[in-house]
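Novice: Chain residues, written in single-letter form:
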Amino acid sequence: MSATIVEKIFSQHCKRPIRAGRVVMVPVDAAMIHDITGPLAIRVFGEMGGERVFDPERIIMLFDHQVPADSIPAAENHVFMRRFADEQGIRNYDLREGVCHQVVMEKGRAAPGEIVVGTDSHTCTYGAAGAFATGIGSTDMGFVLKFGALYFRVPESILLEIDGTFGRRVGAKDLILSLAGDIGADGATYMALEFTGRAIREMDMAGRMTCANMAIEMGAKAGIVPPDATTWGYVTERRAIEPFDLASDPDASYRERRHYDVTDLAPQVAVPHNVDNVVDVTEVAGTRIDQVFIGSCTNGRYEDLEEAAEVLGSADRFAESVRVIVIPASRTEYLKALRAGLIERFVEAGALVEAPCCGPCMGGAFGLLAPGEVSLSTSNRNFRGRQGSTAASVYLSSPATAAASALYGEITDPREV
Amino acid sequence: MRVWKFGDDIDTDAIIPGRFLTIYDPAELAKHAFEGTRDEFAAGVRDGDIVVAGRNFGCGSSREHAPLALLGAGVKIVVAKSFARIFYRNAINTGLLPLVCPETDAIQDGEVISVDIKAGCIDLEGRRLPVEPVPDFMKRIVEAGGLVAYARSLDRVETCNTA
Chain A
51 MSATIVEKIF SQHCKRPIRA GRVVMVPVDA AMIHDITGPL AIRVFGEMGG
101 ERVFDPERII MLFDHQVPAD SIPAAENHVF MRRFADEQGI RNYDLREGVC
151 HQVVMEKGRA APGEIVVGTD SHTCTYGAAG AFATGIGSTD MGFVLKFGAL
201 YFRVPESILL EIDGTFGRRV GAKDLILSLA GDIGADGATY MALEFTGRAI
251 REMDMAGRMT CANMAIEMGA KAGIVPPDAT TWGYVTERRA IEPFDLASDP
301 DASYRERRHY DVTDLAPQVA VPHNVDNVVD VTEVAGTRID QVFIGSCTNG
351 RYEDLEEAAE VLGSADRFAE SVRVIVIPAS RTEYLKALRA GLIERFVEAG
401 ALVEAPCCGP CMGGAFGLLA PGEVSLSTSN RNFRGRQGST AASVYLSSPA
451 TAAASALYGE ITDPREV
Chain B
22 MRVWKFGDDI DTDAIIPGRF LTIYDPAELA KHAFEGTRDE FAAGVRDGDI
72 VVAGRNFGCG SSREHAPLAL LGAGVKIVVA KSFARIFYRN AINTGLLPLV
122 CPETDAIQDG EVISVDIKAG CIDLEGRRLP VEPVPDFMKR IVEAGGLVAY
172 ARSLDRVETC NTA
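In order, the protein sequence lines correspond to chains A and B. The first sequence maps to residues 51 to 467 in our numbering. The second sequence maps to residues 22 to 184 in our numbering.
Check before you lean on any hint, since a few could be wrong.
What the hints assert, rightly or not - Listed below are several chain A residues computed to face chain B (Cβ distance under 8 Å; list not exhaustive):
1) Val94
2) Tyr240
3) Lys271
4) Leu402
What the hints assert, rightly or not - If you want the ones that stay clear, here's a sample from chain B, every Cβ over 12 Å from chain A, calculated:
5) Ile44
6) Ala105
7) Asp126
No lab work stands behind these hints: they were computed from the structure. Glycine included, C-beta positions come from ideal geometry on N, C-alpha and C.
All chains, full assembly: derive it from the sequences and hints.
Specialist: Structure representation (structure tokens):
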């Protein structure tokens, strides 16, 4: 019987065929909790009568949303979680490693064919590693911590066939923003997005993570890139695992097949206050901005920083009217950028380079916007109030567009720089 | 039940902004529900009021603080044309009943309506709107009193039985 990659992953976990639409309790391979949603999950685990977690080695704990602690309650949450990790023997990366999704990927904690859950909506990022990965709430996580399993409705899939080659200074973020614009903020609700085609095959892991990361912005339960040599190269560098074949059957049943070509795609910008409110950069070029944020689980990797630095080129300074905040997504990515001289370039150009964390993206820690201010951000959400005041505006773009705009103090087409 | 009417794509940052996520007490969260987007909500909401919205209610972050803030405000039912997936699940798990009704355009802000969960309909002035039934496996969790109560009743779970 033919099946999608997602149906195959569920079928392999249950050792019998499981079709889309079925509701099934399945064991999970790994579970991630962070400092915002983790404390509640731990409390719920206790309320459920949990004493020992199902398997401490399958639980990933780290702090990234409010690090270093930005308030006393945040510090108390960190202490509460550290204590739980110690009691349970859970490996806690604490605040040392960076943003959860980047850390799970770079530590090899997600691999092809696995089912991974996390108490963060962007857990779908690990679809870039060929895993079925999805965000869950704290109560669901309490259940996972106790039983190592969770109910899922196995999702139907939308096949995205993405052909062509990107033009200069256009890439993965522009693609995923244009998909969000086309499919809409709820166009893939309850479904999985399967990314295929030449543009995906030729994309590096950083770009694939950017794409899978934003599947949730279309309402999807998961985004997944069928594993290929690029995936296996990344995963086997991080974990002892033998590559195997895992892909949808050619005649698998999809909810929908959508075809795109990126060859003529322009840099894309999501304008306030919805992620699916997407236009070509040319339509908003000239919009004055007060702050630029380059970072997040969407675009805080070395490749993203390199893309921004390439646009910065030999320019001395970012525009003085703009606050530029650069936050590498992890300690590892920070070190790569440091050793390549990128951090020095950003600091020389006037940017604030912060230690790895979620930064302005969660709208609670720092880098907040005042009423009337405008931000251009490489993160994933431009909801009203997402980065501070509900009377502020957030635009979303690629690192290249963000860097070009930081040079001029207004939204700028990176192809023109 | 008095209606608080909202539009499409109400995200969880709007329901409870990021700066309040160190709070876990529903009553405390309720003081900041819709802060900055609809300030009169927290001050004016009364026990038993109902939130009615358009498409994709609860999109965005997985924060369970969102259903908890509504529960803390005394809201026990949210009716929308559709829900974002994680919010829907979080609502069921925490005991906030999410009901899907394609015709929420017919419901006005401030209107008093009644919901007949068993009959699967909403009654308003001179009209009756159908709501979609809650899926069976979700109903089991609701009937157990939420996922916590359901989990307490189990020593272990049987995996891979389809429902």
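Novice: Does each hint fit the structure? Answer for all of them.
Specialist: Each hint tested on the structure:
1. Contact between A/Val94 and chain B, as hinted, is supported at the beta carbon level, the nearest pair being about 6 Å apart and thus within 8 Å.
2. Because the closest C-beta pair between A/Tyr240 and chain B is about 5 Å apart, less than 8 Å, the hint holds.
3. Because the beta carbon of A/Lys271 sits about 6 Å from the nearest beta carbon in chain B, less than 8 Å, this interface hint is met.
4. Checking A/Leu402 against chain B by beta carbon gives a least distance of about 20 Å; that is not within 8 Å, so the hint is violated.
5. Non-interface status of B/Ile44 relative to chain A is broken: a Cβ of that chain comes within 12 Å, the nearest being about 7 Å off.
6. Here B/Ala105 does not stay apart from chain A, with its beta-carbon only about 6 Å from theirs, under the 12 Å limit.
7. Every CB of chain A lies more than 12 Å from the CB of B/Asp126, the least distance being 16 Å, so the non-interface label holds.
Of the hints listed earlier, those the structure fails to meet are numbers 4, 5 and 6, in rising order.
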